[in-house]
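*Asks:* The hints should help you fit chain P onto chain C, whose structure is shown.
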Amino acid sequence: MDWEIVIGLETHAQLSTESKIFSGASTNFGALPNTQACEVDIALPGVLPVLNIGAVDRAIRFGIAVGAEVNRRSIFARKNYFYPDLPKGYQISQYEIPIVLGGQVNIRVGDSEKTVNLTRAHLEEDAGKSLHENFRDMTGIDLNRAGTPLLEIVTEPDMRSAQEAVEYAKTLHTLVRWIDICDGNMQEGSFRCDANVSVRPKGSTQLGTRREIKNLNSFRFLQRAIEFEAKWQIETLEDGGSITQATVLFDPETGETRQMRTKEDAHDYRYFPDPDLLPLEIDNDWLQRARATLPELPGARQARYQTDLGLSRQDASLLVASRETADYFDATLAALDPADDAGAAKLAANWINGELAAALNRAELELNQSPVSAQALAALLARVLDITLSSKLAREVFEGIWKGEGSVDEIIEKRGLRQISDSGQIEKIVVEVIAANSQQVADYQGGKQKAFNSLVGQVMKASKGKANPAQVNEILKQKLGNP
Amino acid sequence: MIESSLKELSRNLAEKEISSVELTRAYLDRIASRIATVNALITVDPDTSLAQAQAADERIARGEAQPLTGIPIAHKDLWCAKGWRTTCGSRMLENFVSPYDAHVIERFNNEGAVILGKTNMDEFAMGSSNENSYFGCARNPWNTDRVTGGSSGGSAAAVAAALAPAATGTDTGGSIRQPAALCGVSGLKPTYGRVSRYGMIAFASSLDQGGPMARNAEDLALLLDVMVGFDARDSTSLERPAEAFTRLLDEPLSGLRIGLPKEYFGEGMSTEVRSTVEAGLAEYRKLGATTVDIELPASDLSIAAYYVIAPAEASSNLSRYDGVRYGFRAEEYDDLLDMYCKTRSQGFGTEVKRRILIGTYVLSHGYYDAYYLKAQRIRRLIAQDFTKAFEHCDMIMSPTSPTTAFEIGAKTADPAQMYLSDIYTIAANLAGLPGMSIPCGFDAAGLPVGLQIIGNYFCEAKMLNVAHRYQQHTDWHLKRSPVASS
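Sequences listed follow chains C and P, in order. Residue numbering for the first sequence follows this note's numbering, starting at 2 and increasing by one per position. Residue numbering for the second sequence follows this note's numbering, starting at 38 and increasing by one per position.
Here chain C stands alone, though its shape is the one from the complex (with noise of 0.2 Å):
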């Protein structure tokens, strides 16, 4: 039988507040265990929450992001169970009227778009660290996570294979750096997937069950425990058995999905509305000066820079990958004189894709730790665009300023990488060259194109790469003829 793999994702976001959702407690990580922790974020008797407007500026900058409706109003409750490094005994979240309702993501897998929906998107506070290494018979409580704001994201059913999950999951992470909510940083759970997975026979219309893969804190991981889950699932129902709806855990050193909790014991949590705030009402007011805060999105930028820079699909959308990167694109064509030249565009593209990417993923350093600024590389681009240099020059030259040599100019000077575009030094290097390789010639007039490439490049040799190409290309076909 075929089988159709059905994955919704549940995405907790942190949101990049200073301080926490419901206090004024720090949001730093790495702090010592309890140093971050006020009175009411470890639930002293007597302590009230009050929601921190910063979190609420986030997710409204989401929703309107991913064109979901804001809800004017909507409820906080509370979720109630006991757990050690639930302070309350209660979660502070939202339940029936979330903050943002609808929306949509569109993602690319290979060559295909897709649109994945989003049921909602809801505000809610983190519960603390549970530590059961290095306290012998006993768990260590670190509240410092507690309280720390975060913004759900609820998909619908909308994906069929692991690849579009983990293409949805980094479309969604790219978003909500690039408007500012949350800093994405998977190692500290700043960003973290639940996925629910289920499988049906391929044309079924009925949703199988499903078991809910909980905290991966890793595209890696979502990739893999959706593979093993979905796999482990086709068996099990191929060998006549069944699925029970279960949360799973994902263990790394297996690759394993491993069931915690079936429905049978999961909780009630007698969610109720939360007595100690007052129902979100968010003005139209509240809305506009969000709207007013949000850059413009990576779907525009990228329908910009195919429209009127004429940059290909897969150029575009690298440069969208993330807000620096489509920053620094801009920043550099704005340095870059004349800018709207799409010759630059698509050698700025090329270079920032290409070259930077590749010494920067060397260097293991992030695009804003890059020792070239955008106004370098654009000085850079502008030797190649008036045949100062050669692309492999201009290669050598960043390079140099890459290690901190100098300016371009300073650079292409120390180095003399000045490209040769003195067409009569040329011709006096061609008619060597042509002298010192009579079979070439020979057999380039005999009609073997490639011995005219290979004239190209002795000439690029004696001229130690300096030369400029098409003036070589030019002057040899002069000297030698038609074939």
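Among the hints, a few may not be true.
[As the list claims (entries may be wrong)] As a list, the in silico BS3-like pairs of lysine-lysine whose alpha-carbon atoms are at most 25 Å apart:
1) C:130 to C:232
2) C:130 to P:379
3) C:478 to C:462
4) C:80 to P:379
5) P:411 to C:80
6) C:451 to C:465
7) P:390 to C:80
8) C:480 to C:465
9) C:80 to C:171
10) P:499 to P:323
11) C:130 to C:215
12) C:467 to C:451
It should be emphasised that the hints constitute simulated quantities derived from the structure, not laboratory data.
*Replies:* Structure of chain P alone, referenced to chain C:
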């Protein structure tokens, strides 16, 4: 001095006829010698109180006194006060010392008032007789075999026994007004949102409201001036223009329309309470007020709605007492679940556990709509009843409690009977309205009867005027309990 009102004490302090240290010591001495009789306080800390009194005297000497600077005030033991043991009447918090001040405590401290001690109360404010206190019930200063009412029973008893010139309480379903009535003192529950709940240990968040308890309405006004104020740390705190609650005290009452809800004068009320309250109403007519019959048709639903909403919120509010971070933890347990079960079984008393169970039940999947949502709808009906009623009257009056103080132990076996003690007070909490109780006479056994005054939202100053004028013409509030006179 023990007979003096806050206003008089304030003047005595300002004119240096007495020092705060002397005043505080006098009350501490009275507490020390009578605490066994009425059990009104859970914690006293003379050194801390006297140090505060000393600081108050210095402030008075500098000429920087506020009206309540140097006045000792007892606080219900659910207000968190830094450095003070704050038990909430529970074994669960028997040894909990608060590391922070409630907003109200902060305001009293800023005023320069002295914390005289922490008063006895029903555990987590759940009860109408103070019999649910882990620290033993407070006893009524008029007859120590009788209950004080609750849950602010210790505060009421402390004022009635003259162990404190004034006290704070909290009122979730009548917990200020009912004990005030049973102990013959004055008490006021403000409009919901007036007094910050920050640092006030929660019972039922949407109903809880702190307020003052004292000998008379004028003292309540002085206390309210300190207690009321916006607090950004309480999202339900209301931001309103500042007002002096004493400003209307002496207004005449001519033309005042008093609404008498027929539902509050029906069956279940003792005949002596009825006749005493009616005598009080007659006094108001003499003062120029008129009475008008009104209806509050949803009244018979208020107890039911209350005993769904309050336990629901309480079941969640009390989840934090889990033995993990502070407070009581069972000594022996096998694993985490066992630790939770034993800690909460041993740390909470019977009534608290009963309400946690009720609350957990009504919020459970499949029951939520039938109980919680329905109770919320009833709550809106009750609020609408009052809105309509206030179209026909300025104040609503009724007995505060259907009976005078009953004997200790009389109702402990029947919680439903106990819940009826709050039948006239609960609706004001459900509607968020301000309510107060003032003494209006005694029954044949010499036990005080309370007259309840319910005002419209934010009408506290007017209510205090209505109470004050009555107290200018009557002396019920001046009668001294046997313990006070001792």
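*Asks:* Compare the structure with each hint and give your call.
*Replies:* Taking the hints in turn, this is what the structure says about them:
no.	hint	in the structure
1	C:130 to C:232	violated, 32 Å
2	C:130 to P:379	holds, 24 Å
3	C:478 to C:462	holds, 18 Å
4	C:80 to P:379	holds, 23 Å
5	P:411 to C:80	holds, 20 Å
6	C:451 to C:465	holds, 21 Å
7	P:390 to C:80	holds, 20 Å
8	C:480 to C:465	holds, 21 Å
9	C:80 to C:171	violated, 29 Å
10	P:499 to P:323	holds, 18 Å
11	C:130 to C:215	holds, 15 Å
12	C:467 to C:451	holds, 22 Å
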